[in-house]
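Since each chain sits alone in its own frame, please combine them into the complex, following the hints.
Keeping their order, the protein sequence lines are chains A and B.
Count the first sequence with the numbering used here and you get residues 111 to 409, in order.
Count the second sequence with the numbering used here and you get residues 68 to 593, in order.
No lab work stands behind these hints, which were simulated from the structure alone.
One thing to keep in mind: the hints can contain errors.
In silico lysine-lysine, DSS-like type, Cα no more than 27 Å apart, as pairs [said to hold, decoys possible]:
| no. | chain 1 | residue 1 | chain 2 | residue 2 |
| --- | --- | --- | --- | --- |
| 1 | B | K428 | A | K235 |
| 2 | B | K356 | A | K236 |
| 3 | A | K290 | A | K304 |
| 4 | A | K125 | B | K435 |
| 5 | A | K286 | A | K137 |
These numbers come from a predicted model, not from an experiment.
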Amino acid sequence: MNVIEMNQVTKVFGKHHALDGLDLEVKSGEVFGFIGPNGAGKSTAIRVLLGMLRATNGSATIFGKDVWRDAVEIHRRIAYVPGDVNLWPQLTGGELIDLFASLQGQINERKRDELLARFQLDPTKKCRTYSKGNRQKVALVAAFASDAELFLLDEPTSGLDPLMENIFQQCVAEVKAEGKTVLLSSHILSEVEKLCDRVGIIRQGRLIECGTLDELRHLTRMRLTVETRVPIESLASWQGVHEVLPTENGWAFQADADEMEAIMRKLSEHGIQKIESASPTLEDLFMQHYEEAVESRNS
Amino acid sequence: MMMGKFAGTLRLSRFIVRQDRWRYVWWLFGIVAMTLLVPPALDSLYPTQQDRDMMAATMENPVMTAMVGPADLTHYTLGVMVAHQMLLMTGIAVAIMNILLMVRHTRAEEEEGQAEFLRSLPIARNSQLTASILVLLAVNVVMAMLISVGLFSLSFDSMDLRGSLIYGAGLGAIGLFFAGVTAVCAQLSESSRGTVGLSFTVMIVSYLVRAGTEEFPPFGWLAQVQPYSENNMLPVIFLIIGSLLLFILAIVLHAKRDLGSGFLPSRGGRAHASIFLRNPLGLAWRLEKTAFISWSIGMVVLGLSYGSVLGDLEKFFQSNEIFASMIVADENSSLAAQFLPMLMAVLAFISTIPALLAVHKLAGEERKSRLDIVLGRAVSRVNLLATYIVLALFTSLVMLSFSALGLWLASTASMDEPFAFRTVWQASIVHFPAVAVMIAISACLIGVAQRATGFIWLYLFYGFLTLYLGGLFQFPEWMEKLSPFGYVSKLPIEEMNWLYAGGLLAVAAVLFVVGFNRYNNRDIQG
Chain A
111 MNVIEMNQVT KVFGKHHALD GLDLEVKSGE VFGFIGPNGA GKSTAIRVLL
161 GMLRATNGSA TIFGKDVWRD AVEIHRRIAY VPGDVNLWPQ LTGGELIDLF
211 ASLQGQINER KRDELLARFQ LDPTKKCRTY SKGNRQKVAL VAAFASDAEL
261 FLLDEPTSGL DPLMENIFQQ CVAEVKAEGK TVLLSSHILS EVEKLCDRVG
311 IIRQGRLIEC GTLDELRHLT RMRLTVETRV PIESLASWQG VHEVLPTENG
361 WAFQADADEM EAIMRKLSEH GIQKIESASP TLEDLFMQHY EEAVESRNS
Chain B
68 MMMGKFAGTL RLSRFIVRQD RWRYVWWLFG IVAMTLLVPP ALDSLYPTQQ
118 DRDMMAATME NPVMTAMVGP ADLTHYTLGV MVAHQMLLMT GIAVAIMNIL
168 LMVRHTRAEE EEGQAEFLRS LPIARNSQLT ASILVLLAVN VVMAMLISVG
218 LFSLSFDSMD LRGSLIYGAG LGAIGLFFAG VTAVCAQLSE SSRGTVGLSF
268 TVMIVSYLVR AGTEEFPPFG WLAQVQPYSE NNMLPVIFLI IGSLLLFILA
318 IVLHAKRDLG SGFLPSRGGR AHASIFLRNP LGLAWRLEKT AFISWSIGMV
368 VLGLSYGSVL GDLEKFFQSN EIFASMIVAD ENSSLAAQFL PMLMAVLAFI
418 STIPALLAVH KLAGEERKSR LDIVLGRAVS RVNLLATYIV LALFTSLVML
468 SFSALGLWLA STASMDEPFA FRTVWQASIV HFPAVAVMIA ISACLIGVAQ
518 RATGFIWLYL FYGFLTLYLG GLFQFPEWME KLSPFGYVSK LPIEEMNWLY
568 AGGLLAVAAV LFVVGFNRYN NRDIQG
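Bound conformation, chain B alone (with noise of 0.2 Å):
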C-alpha cells in the first residue's frame, strides 16, 4: 500500500539528481566557501581577545542585535564572532537556495507540463513531490556535514567538534524547514513565481519579526542555537520536527488537488489600465516598482547597520589600523564626523547601482523586442528616453535619501551626541552630480552602442576602488579624478565645492545631449 503511494520516487529522485546535479554543487561550494573563508578572515582582522572584545563592544546595541541576533557578547571568541555574525546570514542563504531548488521540480514542473508527461508513467500521484523531498533532504544533510567537517578542520581553538556539528546542524535544519515551507507553498499558488514569491514573504517576515520577538520560528530559533557557547540542540530539533510537519502538510494537500490547481486560486488582473499606465512614464514605473520598492528597503537597512557602529567608533578605531588609515585624522571635529563621508560614499556607490540599472531597463526592453509596440504608436524615441532617465535620476535622489534617513536612524541609537538629520542628508545627497553623470554615460552608451552598457559597472567599481581604498594603498589624487565621485565634497568635513558640484551637473547634460542625439538616428533591434 505504501509502496503503491510513493511508486517510483526513487527513480525520480535519480532523475533529478541527474538534471540538476551541477546546480547542487554550485549552490554547496558557494555556501560551503563563503562559512569557511570567514573565519581566517576574522582570525587576522581581530587577531587578540582584546581586538574581539572591542567588536564585542561595537555589537552591544539594539540595530545590531536585530540584524544578527543574540550572542555571548561577554566570552566573544573567535568561534562565538562567527556564529553571531555569519550564522543568520548564512541561514537566508540556505533558505534562498532551498526555496529555488524546491520550486523546480514541484511547481515549475508542473506549469510548464513535464509533470504531466511524467505522470502518464506507472509512478505514483506523489513521487514527484516525495522525490523533491528527499533529494533536498540529501542536498541539506551533505551541505550541514560539509560545513561541521569544514569548520571545524580549520582547527582554532575557539571552534570545537561539538559546535562545528552543531552550526553545521542548524544550517542543514533551516534549509530543511525552507524546502518544507517552499513544498507547501507550491500546493497553494498556481505558477512557480507565485511559489517562490509566497516562500520568500514567509522568510522575509519571519526574518523581521524575530528582530523584535527573539523566539520567532525559524530564525529566532536559528539565532538561540549560538553554537560555541550555549550550542543548544533543543531548536535544531524543533526545526526538523517543524519541517517534517511541513513535509507532511504538503503531501496531504498534494493529493487533495487537482495537477495545475492550487489551494489559492490566481486573482484576475485588472480589465483596464489605471489612469497612472496610460503613458510611457507609467509603464516604465510599473516595470520597475518591484525593484524600486526593494532596493529602497535595502538602503535603508544597509543605512541602519552603517549608523549602528557609529556610536562605538573610537572603541572601533583605535582597535583596528587598517580602518584607522583611511581617514586623515583632524582635531577640529569628532571621529564620527570624519567618518560619515566615507560611510555615505559607500552607500552612495551602491545607491548607484539601482539609478544605473533603471536606465538599463530600456535596454533591455529593446533585447527583449518590446520597443516596436511602444514607439510604433505616437511615442517619439526623445520621449521614451528622457522616460527612463527621469526615472533613474529619482531613483537615485531617492535611494540617497533612504540610506542617509536609515545611517540617521541607527545613529540616533547608537550615538551620545548625535547627528541633525540634515547634516546626514547633506552629506549623502552631495553624491547626487555624480550619480547624474554616471547614469548620463549608461544612456549615451544606450545611444552610442547599446551592447557595451555593461562598461559602466566597470567604470562604477573603479570609482569606489580608488576612492575606499585609494587612502589605504596611497593611490595618486589624479586616479580618484578620473571618476565623477572623485569630484564629491567631502560634507560635513569639508566645505561644499559648488564649482564641483556645478560642473559635474553640467558634464551630465551634455552627456545626456549626446545620448539623446544618438538614440535618435540609429536602428532599434527588433
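Chain A on its own, in the form it takes in the complex (with noise of 0.2 Å):
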C-alpha cells in the first residue's frame, strides 16, 4: 500500500517550474530518501504534501485522502520537521513541544522526556537562545515523541552534530520498527544511504531515478582498478569506460554496468593479474546524475 502518493504533480511559481510533472510513491513501512542538491524541488514537494502549496497540476494523496481537502485529516497522524525550524524567540521548548503536541492530539509524556534526555535539550531556554541545532532538536523531539504514522522529514540534521545526528538515526530507526513510514529529504548521503529502504533522486521538479539503492547501482557504474600482463593502450575509448585514470602497474576507471560482459572480455585478452571491484556509494550514484544533468546544460 502506498502511503504518499504524487502523480504528474507541477508546481509553477510564475514563470518557475518548481515541480514539473512529479511522480512519487512512498509505501507504508518504508524509509524513503529524497535526495537532490538545492533549489531541486524537495521543499517544494513537501509543502504541497502538507498542503502549504496548492498544485497547479496533478494529484497528491496521503493515506489515500488529498492533500490540499483534507490537510487537517491527514495532519493528525504525520509529523513534520522543517530544515529551517523557526521558533517563537520568547516562548521555551518546554512550552512549544507541549503545544505542538496538543495541536496534534495526545502528548505521550514518557516519551517526551526520554527524548530530551536523549537529545540532551534543555526544555526551560527561551527559544532565543536556541542555537539552529537545538531549534531542530525541539522539532525533533515534538515529532517522535507524537504517535505519528507518517514522518515528513526536510533536512532535518543539518545543524546536528556527529553526536546528535546518531541519535536521530537511532530514532527513524526505532519508528521504522514499529512499522512507521518515512519521507527523508537530505543532501547528507551518508545518513540516506544508513537510513533509506529506497531512494528518489529529485532533478529540477522530475524524480530522474527511483528505486532500492541495489536497483540504482544497477543502473549505474562499477568502480573497477586493474593490473594486466600486457599494458591496455586505449582504454579511455572503449565504450562504457569513464574516469579513467593511471596507478601504479594499471588503471583504476568506471565501467557502465550494462557494457560490464564487453569490457570484461576484452580486459581478459590483456591478461588480468589483478582486479578489484567496488559497488558506487550513493554520492558517485548523485554525482553521476548531477554531471550528466551539467554536461547537457553545456552542450
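Set out below in C-alpha cells:
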C-alpha cells in the first residue's frame, strides 16, 4: 500500500516550474530517501504534501486522502520537521513541544522526557537563546514524541553535530521498527544510504531515478582497478568506460553496468593479473546524475 | 596604572562613532526638531497673553499636573508654556534615545560575540564600557548645546539665554542619567533585551511615581528645573552627579563579572506549556500579550488626558476659534456633551491601531516562516485566521472601553457636572462596528494579498482626516461616507442609528467570509 502518492504534480511560481511533473510513491513502512541539490524542488514537494502549497496540476494524496482538501485530517496522523525551524523567541522549548503535541492530539509524556534526555535539550530555555541545532531538536523531539504514522522530515539534521545525528538515526530506525513510514529529504548522502530502503533523486522538479540502492547501482557504474600483463593502450576510448586514471601498475576506472560483459572480455585479452571492484556509493550515483545534468546543460 | 585600565578607550570611542554616526545624527535631528518646532506652533495657536492664560486655566487640574508636571501658571508666558508642556515629554524621548544607544555597544555586543573578539585585542577590559560612556557623554553634550542655541535663536521675548541654556542642560542631564541607568542594567541583566526592559521599567516607574511625589528622581528633578521661570540649576547638577555615580557603579560592577554573565541570573522558563498554551488562541495570546497590556495602559492614559480638559471646555473654546469651528453649536446640550463625540472618535481611531496590529500579526507570522509548523499540525486555516480575528475584535472592545474609562475618570475630577460612565462608554463603543469593518478589510487583505496589508493604514488615516478635519476644511459629506467611521452615530448628541450599525456589521461579516475563503485557497509562504 502506498502512503504517499504524487502523480504528475506541477507547481508553477510565476514562470518558474518548481515541480515539473513529479511522480512519487512512498510505501507503507518504508524509509524513503529524497535527495537532490538545493533548488531541485524537495521542499516544494514536501510543502505541497503538507497542504501549504496548492499544486498547479496533478494529484497528491497521503493515506489515500487529498493533501489539499483533507489537510487537517491528514495532519492528525503525520509529524513534520522543517529544515529551517523558526520558533517564537519568547517561548521555551518545553512549552513549544507541549503546544505542538496538543495541536496534534495527545502527548506521550514518558516518550517526551526520554527524547529530551537523549537529545540533551534543556526545555526551560527561551527559543531566542537556542542555536540552529537546538531549534531543530525542539522540532525533532516534538515529532518523535508524537504517535504519528508518517514522518515528513525536510533536511532535519542540517544543524546537528555528529553525536546528535547518530541519535536522530536511532530514532528513525525505531519508528521504522514500529512499522511507521518516513520520507527523509536530505543532502547528507551517507545518512540516506544508512537509513533508507528506497531512494529517489529529484532534479529540476522531476524524479529522475527511483529505487532501492541495489537497483540504482545496477543502473550505474562499478569502480574497477586492474593490473594486466599486456599494457592496455586505449582504455579511455572503450565503450562504457569513464574517468580513467593511471595507477602504479595499471588503471582505475568506472564501468557502465550494461557494458560490463564486453569490457571484461576485452580486459581478459590483456591477461588480468589483479582486479578489484567496488560498488558505487550513493555519492557516486548522485554525482553521476548531477554531472549528466551539467553536461546536458553545457551542450 | 590608570592608562592600563582604560587602554584603547579613545580608539574604541572613535570606532563606535564610526559605526553609529548616522544613528546619532537622526536621533539628534529628531529630538532637536521636535523641540524647536513647538514654540512657533504654540505661538501661533495662542498669540496673546490672554490666550495663554486661558490655556493655563485648563492646565490647572491634578490630572494635567500629574502628566506634565508643575509650572508657574500665573505667569504663563510662551517660554513657561513650552517648558511646561514639552520638557518632561522630551525628557522621555531623550531617555529612550540613551537607553537604546547605550545598550548597543555594551550588552548587545557582548551577547552577539563581537565583545569577545574585541577583547582579544590589546585593550583594557573596561574599555568598551568606558568608550560607550564617553560617546554618549558627547552625544548628550552636543544635544544640549543644539537645543539651547536653537531655542534662544528662535528669539521669542520670553525665552532668554539663561532659560534656554538650562532647558538644554536639563535634557542633557536626564539623558546622561539614563545612559548611566542603562550602563548599570547592562551589568545586571544577561541579555540586551533584558537590559532594555529593565531600563525602560526604571524610566516608566520613575515617571509614574513622580506624578504622585514631585521630588522623585530623575523625572521629578527635571520637572523642578522649570526653565524660563524658576531656572533651577540645582536639580540639573543633582542629575549630573547622579549619572556620574551610576557610571562609576557600572564600571565597578563590570570589573567584577565574567564576560557574558550578569548579576541577575536569567531565570529558566517553564519546562511545560500551561493549560492556556494548548491551542492556537493560547499561542496567539502569548504572542500579543505584552503589546495588548501596553496599549491598554496607553489608552487609559490618553483617555485621562482628553478627559482632563473637558471641565474647562467653555474657556477653551472661547479662546480658540479653530477648535470652535470644528463642532456644531447646539443650544440643547452642553458644550462638553457636544465635544464628546469628537474626542471619542479620535480615541476610537487610535484604538483601531492595536486591533489591526493584532490581526496583522498573522501576516507577520507567515513572513517569519512560522506558519508551517502550526498548520502542519491538525490546525485548519479557518481556525487560525478566526483566532486572530477574534483576538482583534476583543482587542478593539477592550481598547474602546479603556479609553472611555480613562476619559470618564478624568472628567469626574475636572467637570462640575460629570458624565455618567454609561454615557461615555456608549459614545466610545458605538465605534465598534466601524472598527470591525476595518479588521474585516485587514482579514480580506491577508486572504487575498498578504503583501498589501499596509493599505489599511492609509484607509484608516483617510477616515481620520475626513472626520476630524472634515468640519474644519468643509469637506463634502460623501467623502466622510467612504470610510466606515462616517456611519458612526455621534452619541450622546445624536440618536443611535441602528440601521447604520447593523449595516456595518453586515459588511464586516461579508468581508470576513471573503477573507476566509481566499485564505483557504492560497499558498502559504514558506
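Against the structure, the hints come out as follows:
Annotation: proposed proximity of B:K428 to A:K235 holds, straight-line Cα distance about 24 Å (limit 27 Å). Of the pairs offered as hints, the one joining B:K356 and A:K236 holds, with about 17 Å between alpha carbons and a cut-off of 27 Å not exceeded. Simply put, A:K290 and A:K304 have alpha-carbon atoms about 17 Å apart, close enough for the 27 Å limit, and the pair holds. Annotation: proposed proximity of A:K125 to B:K435 holds, straight-line Cα distance about 25 Å (limit 27 Å).
Between the alpha carbons of A:K286 and A:K137 the distance comes to roughly 12 Å, so the proposed pair stays at or under 27 Å and holds.
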